[in-house]
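Protein chains in written order, with this note's numbering: chain A, 1 to 450; chain B, 1 to 450; chain C, 1 to 450; chain D, 1 to 450.
It is worth saying that the hints were derived from the structure and are not from the lab.
A portion of the hints provided could be inaccurate.
In silico lysine to aspartate or glutamate, EDC-like type, Cα no more than 20 angstroms apart, as pairs [what the hints assert, rightly or not]:
#1 Lys243/B x Asp240/D
#2 Lys266/D x Asp240/B
#3 Lys243/B x Asp5/C
#4 Lys73/A x Glu17/D
#5 Lys243/A x Asp442/D
#6 Lys266/D x Asp383/D
#7 Lys266/B x Glu16/D
#8 Lys73/C x Glu17/B
#9 Lys243/B x Glu14/C
#10 Lys266/C x Asp240/A
#11 Lys243/C x Glu228/C
#12 Lys243/C x Asp5/B
#13 Lys266/B x Asp5/A
#14 Lys350/B x Asp383/B
#15 Lys73/C x Glu14/B
#16 Lys73/C x Asp383/B
#17 Lys363/A x Asp383/A
#18 Lys266/A x Asp5/B
#19 Lys73/C x Asp87/C
#20 Lys73/A x Asp240/D
#21 Lys73/B x Glu14/C
#22 Lys243/A x Glu14/D
#23 Lys370/A x Glu439/A
#24 Lys73/D x Glu17/A
#25 Lys243/D x Asp399/A
#26 Lys266/A x Glu345/A
#27 Lys73/D x Glu439/A
#28 Lys73/D x Glu17/D
#29 Lys243/D x Asp232/D
Bear in mind that the values here come from a model prediction, so they are computed numbers and not experimental data.
4 protein chains.
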Amino acid sequence: MLLRDPVHGLITFEAEEEAILVRLLATPEVQRLRRIRQLGLTNLAFPGAEHTRFAHALGAAHVMQQLIARLRKMHDALPFWQRLTSDRARDALAAAFLHDIGHGPMSHLFEAVSAGGGRRDPGAAPSDSVSGIGNSTAARSHEEWTEQMLLDPNTGVHRVLVEDDPELPRRVARLVRGHHPLPYLARAVSGTFDVDRCDYLLRDARATGVHYGRYDLPWLLQSLRFGEATDDGAPGLAIDGAKGLSAIESFILARLFMFQQVYFHKSTRAAEWMIHAIVNRATDLLRDGTPLPHVPPGLHSLALGERLSVEQYLALDDQLLLETISAWRDCKDPILADLCARLRERVVFKTFELFAEAASPDKRHEAHQKVRAIAEEEGLDPDLYTALDVAVDTPYSDDRSLTVIFGHGRAHRPAEVSFVLDRLRDETLTRTRLIFASELRDRVFATLGQ
Amino acid sequence: MLLRDPVHGLITFEAEEEAILVRLLATPEVQRLRRIRQLGLTNLAFPGAEHTRFAHALGAAHVMQQLIARLRKMHDALPFWQRLTSDRARDALAAAFLHDIGHGPMSHLFEAVSAGGGRRDPGAAPSDSVSGIGNSTAARSHEEWTEQMLLDPNTGVHRVLVEDDPELPRRVARLVRGHHPLPYLARAVSGTFDVDRCDYLLRDARATGVHYGRYDLPWLLQSLRFGEATDDGAPGLAIDGAKGLSAIESFILARLFMFQQVYFHKSTRAAEWMIHAIVNRATDLLRDGTPLPHVPPGLHSLALGERLSVEQYLALDDQLLLETISAWRDCKDPILADLCARLRERVVFKTFELFAEAASPDKRHEAHQKVRAIAEEEGLDPDLYTALDVAVDTPYSDDRSLTVIFGHGRAHRPAEVSFVLDRLRDETLTRTRLIFASELRDRVFATLGQ
Amino acid sequence: MLLRDPVHGLITFEAEEEAILVRLLATPEVQRLRRIRQLGLTNLAFPGAEHTRFAHALGAAHVMQQLIARLRKMHDALPFWQRLTSDRARDALAAAFLHDIGHGPMSHLFEAVSAGGGRRDPGAAPSDSVSGIGNSTAARSHEEWTEQMLLDPNTGVHRVLVEDDPELPRRVARLVRGHHPLPYLARAVSGTFDVDRCDYLLRDARATGVHYGRYDLPWLLQSLRFGEATDDGAPGLAIDGAKGLSAIESFILARLFMFQQVYFHKSTRAAEWMIHAIVNRATDLLRDGTPLPHVPPGLHSLALGERLSVEQYLALDDQLLLETISAWRDCKDPILADLCARLRERVVFKTFELFAEAASPDKRHEAHQKVRAIAEEEGLDPDLYTALDVAVDTPYSDDRSLTVIFGHGRAHRPAEVSFVLDRLRDETLTRTRLIFASELRDRVFATLGQ
Amino acid sequence: MLLRDPVHGLITFEAEEEAILVRLLATPEVQRLRRIRQLGLTNLAFPGAEHTRFAHALGAAHVMQQLIARLRKMHDALPFWQRLTSDRARDALAAAFLHDIGHGPMSHLFEAVSAGGGRRDPGAAPSDSVSGIGNSTAARSHEEWTEQMLLDPNTGVHRVLVEDDPELPRRVARLVRGHHPLPYLARAVSGTFDVDRCDYLLRDARATGVHYGRYDLPWLLQSLRFGEATDDGAPGLAIDGAKGLSAIESFILARLFMFQQVYFHKSTRAAEWMIHAIVNRATDLLRDGTPLPHVPPGLHSLALGERLSVEQYLALDDQLLLETISAWRDCKDPILADLCARLRERVVFKTFELFAEAASPDKRHEAHQKVRAIAEEEGLDPDLYTALDVAVDTPYSDDRSLTVIFGHGRAHRPAEVSFVLDRLRDETLTRTRLIFASELRDRVFATLGQ
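Hey, can you work out the whole structure from these sequences and the hints?
In structure tokens:
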């Protein structure tokens, strides 16, 4: 299989151990990823951000292939039972390719809804706000769906995997969760520096036109070496400090920049909130028995708090959700119709960012109450037309999933030896914003200052 | 307005004459372009090709802005009534931005269907085959829709334009068709070297990952000068030969390469045929009164040969059409359900390319008959499950829309002075293929040889 | 004037206020920059780093041109006497173009030699070590030469400048030093974010192949606004925080990365030391009256502690110095001949880096004494064949040359509002190394550990 | 060995078969290439074109490494005695790395001088004009020097090669000439699509900033397959037509564009002519016994028609030649001093291009006579201050060094199956110019029209 890719240029899967990717490609679960954008509604702020999770899955498998090639140049140093056999390579490629099949529509947002059984109390406190990428609850949920699809004997991916080996679905599922007897392989699928991040940073940067997300992937791969052995004797991944320290620094900074510029962009956050409000409103209506046009069965089940079947979940994608929202513009509930019409015509909610002292838990809550009051005075439901959004990320947690080694020395955590990372370690990046319908803008700005 | 774009990097519309773009951006007609991919189903072959006509419209306006800046550095040479006033600049920017609003879903394909009243006799002769980009009938049709939207007093774009000047809709419509008292401006909107091509070549090249479509836009703009005066005294566009000959050569070759590699790609052509077959089948069923689920009103009108309203046409987009196809998988007609299921799961029809003698009108017709016979033997309707596809393009027609001038000399046609273009002038690039359901592949290849 | 440039693509100087650049280009002082590499001997470690100060001068003028265009889109907000007139633009362009004409051969190294009268006591203490880019003594010296060339009525640049305005040489000289009644213009020539850095970061990154030095120049320029007024009422440069904070962060990080990867690269530092040792040895010989072949007059004067004339200084360039070193391989002094032969054949001295505690002033001095002892035992002059090299840079000093403003708020220092810069502010990056002849490598490593 | 390269990014030579490159790198013959620019005086027209033959040699070896990796993915199809063993790979890598060591200073120009014994009758007929890149006489000569260096037991490269295998110098020399029992390997070192071209097109394009020279190297390599077997049974190189036709087309067009834009640039041709005139004048003076300062021994021998030793030849490089020219500005012969001063200060001769009929042998000779007459009237030696320059290249000769194969079909010549190449096949690109001292410009233009 030969593919052209805007990020990596040429992608080829021609080796025997890569043949499984060609077969997985044809499954409905993988093809569905064509209908889910990598960055949800980020295309509202960055018109180029139309790239899909399908392209990302191919990219992640390609990075894994490059990583395997690099590891194999080094693995003669290992005892033979720790080396990267063809079987292990195939497992890792499949895991890289399939790691995202459990994603619901609209990026990570939908998971938050489904995880909570379709009901939330919006706008109350930071932890209730629109969940962001990296939100741990959401992340777990999406991985659960991935696991379920891998293990369900009725899915296409399961059938393809068991053709090779009955144990493969389970092994791939464990790999996706970051578990494998070889720590260096486990960390490559899920860790600070994993093939998922390696691809999405480059892909998101290119699609949005934000340059800061670029880092030097070939050099980073070339700087890899095996790290210290873990308890059971197999080594983890490490960076050769003399070569690769800047590479890993710029990788981590790239991620920080993408959060600041793209993932936490105000329009994206506001639009995601709107989807949220729409789903919440529809849920309430459906529970009350109000009929709505064009309700996809999966959404209906969610609204009623029923557990979705894999089949129902798979039927949900960006295309379906957006068409549903399009259809609801004509529904009888004026609020739902209004919210759907706004989103369809891209009349996105506005935001007011809170900094420093004003962003403290008490102050932001207070500010939100003011905004809620304004909404009410204007005749808008404050639960749906306003929100307090606290987006949080830790750009660099100094875990031990990737160590740095100089010469024959011992393994260091990156922050121990990096000028920049030492200063970023475990620091938290927070963006606090009030979100509200655009017609409230003047009053909100007048009330909150500026 | 500030935007990041994967192709041009930074796009800014901040000048007074550009303010109209910000207002046009918010209209439903422009926002709809977010739901129409630039390259239809090309994403089946090139996973990155998800970019929309919306992003392209912004890019075309950006190129126009750059072109205007360049023309203004030169226009002091013109009598003042031929210069690029703010009003003329605004008109040109609006035309560049709106030139594609008339596009139907699925790239150019849908126009062919609607142009023909929803009915064609497939698979008979080259001229009946799936219409490609550049197909003149289709192109006319899409420009007609654009004109209608501009002139219809109920559209958002019309309302924005008349706010500035009651005559603006008409002037923009004329510009989109390539008519303007100033030939140099007319050719910039519609000509061999127009802002549409300038943007789409770069955008399609980047999204597909096909490098050949790149050419040197800044250098090309810098090489521009005014050409010879036409009858009424105003000059056309010309290239300064000493500077820009290679730039214009590589621009034209870029287009040739994109046709060879992307626009005429076999999977794209086959998938477009499938959409075609689906629409034809649905049309037949609807005419016979067979009920189908989820039929968008516009599609229904088309099937019955009724003229679509602007509103109906605007409701049609890629998202809606793909969701409709998704819904039809469960319809009662087994053939339509089958075709829709194939497309949804990306089981694309196969192709067999005919070269040289085998591609002559007689021979290709004969070959098609053989493939039709095979389909019938396998129980498949040859009108829907096979097609003869003849894709034709003339990479370089030596028109006079862009001339080349050396020093103070006279204007030459590019081919007169270009080593490469002289050899390509008016040559025709043809790709002849048989398209057929994938299960027929072995028999077709066995019959037609290889 | 139209030029192609590997960094900026197309460079054009066509406006009237830019005409002076075309005339300055033809002067011997500017043409001499073709014979001085931007990065001295860095090409030993990065084979692509052959780019010259001439190309950089063009690039800096181009960035100034872009900056001027941006400032002019904003300067209507200023009282007319603070605006960017054509004369002021011309002055700034000339200053950007000429800011480096005082550079001696071999990057900044040669200045250190000449500044010190050609004699140093090598290898004693950090402050005596090879001076690095950014070394303040060296920087002053090179700017002194620039000033002298601008003011000397016999130079070509002086003659070109006075043709426009008798006061121009003095104004340009003041601008190069960062002095101008308009702070926003002064800081553009010399400040945290000046056109010199803007160009050299991109140029050095591209030539070396080190990606980390890239940042988003167009976005950075677009993010500029006027800052707070200074005492005399004219504003400085500022960044619009909402747009440009990431841009300025990545600019400063780019510089940090280039120091870590390129400017402080061990081979470059070692090779520069070798040039140093060669010049020192030759100086001693010439002072003692030992004849040497092919001594350029300027070098001879330097050796005798005489003040160089502008003419003598201008005759010195990389090409001449390297040919002189080539000729000295055959001189009668075996030590000088040996050092020259090593450099010619790229047998570069080795390094041993000291980290953490081992890099403290006492410890590194102690380590150096051990290396000197080894050199002596091997019959090598420790003053010439060993050195202690302490390279120091402060990636980000939170000066007030560029402020950040959000909305209508007050000006902040970047570190006040930047997550990353706050953590880097005034931190010092230090690389401590011992440099020694390659044949000492094994003994040095055995003695110093590892 | 790890290197960063502006063209290929990361270059690594770490495999055992690549170890010879690390040792070859340290030889004086290879290090000398650091002092020879890839494009001679092209930096006068393109300030970025400072890249050296050293960087190109590394790049060519890198491309060979990539090519070998690709061939090895396919060579299982061959009988084992035709496969790419480690020894063969090493030979090919060495040949790629060393193919240019015979180059004299100033690109190809110097060879023409030395090949002709230092004496030519300038300005008489096209074949006597400044020899260009691709000039067959010159090309032969430079390859002769390469061969001599490889076979001379006193060179560093010879010593490194024989350490591995006494027959290696001879095998490498044969490979550089395009001779090897395996045609696919021979053509990779010297053919229409060889590693030399693959690297220099990309490198020259990037350094000059001319985009047209870029083509898709990874895709081209991926499109390779083995071609038809030759007489002795081993296959040549072929392109898989379905995949790679556009790639090879754009490769050949890239070369055409580089000739038009860069290699045949008027300033480069004029400056090369000036070097030519300088060397001719110096030769005459030296033959007459006139003493000149700073004459490198090699140049002296050349002037007297003596055969150069390898050692003498190796001492000649760009740096030495340019310093010699710098020194000759002060020589006693006013003509030589004048020519040298002009070149040093970049006061390059002007050109007048002849097109169509005016470029026919008779007409151009006539035009040259007119220019010679003007020079004489102005007191300038027409043999030195004027020239007729006819630069000729055949962008695409349809040789059989690379064939195209579709599926299991037979091998085609590229032009048989390529729309573009068919139209370019064996066409000749000619640029005819008169070159003359810049002060003659007005009179020449007045006389010759325009």
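Each hint, compared with the structure:
no., hint, in the structure
1, Lys243/B x Asp240/D, "36 angstroms, violated"
2, Lys266/D x Asp240/B, "16 angstroms, holds"
3, Lys243/B x Asp5/C, "15 angstroms, holds"
4, Lys73/A x Glu17/D, "14 angstroms, holds"
5, Lys243/A x Asp442/D, "58 angstroms, violated"
6, Lys266/D x Asp383/D, "19 angstroms, holds"
7, Lys266/B x Glu16/D, "43 angstroms, violated"
8, Lys73/C x Glu17/B, "14 angstroms, holds"
9, Lys243/B x Glu14/C, "15 angstroms, holds"
10, Lys266/C x Asp240/A, "16 angstroms, holds"
11, Lys243/C x Glu228/C, "18 angstroms, holds"
12, Lys243/C x Asp5/B, "15 angstroms, holds"
13, Lys266/B x Asp5/A, "18 angstroms, holds"
14, Lys350/B x Asp383/B, "15 angstroms, holds"
15, Lys73/C x Glu14/B, "9 angstroms, holds"
16, Lys73/C x Asp383/B, "61 angstroms, violated"
17, Lys363/A x Asp383/A, "19 angstroms, holds"
18, Lys266/A x Asp5/B, "18 angstroms, holds"
19, Lys73/C x Asp87/C, "17 angstroms, holds"
20, Lys73/A x Asp240/D, "29 angstroms, violated"
21, Lys73/B x Glu14/C, "9 angstroms, holds"
22, Lys243/A x Glu14/D, "14 angstroms, holds"
23, Lys370/A x Glu439/A, "15 angstroms, holds"
24, Lys73/D x Glu17/A, "14 angstroms, holds"
25, Lys243/D x Asp399/A, "45 angstroms, violated"
26, Lys266/A x Glu345/A, "18 angstroms, holds"
27, Lys73/D x Glu439/A, "63 angstroms, violated"
28, Lys73/D x Glu17/D, "17 angstroms, holds"
29, Lys243/D x Asp232/D, "28 angstroms, violated"
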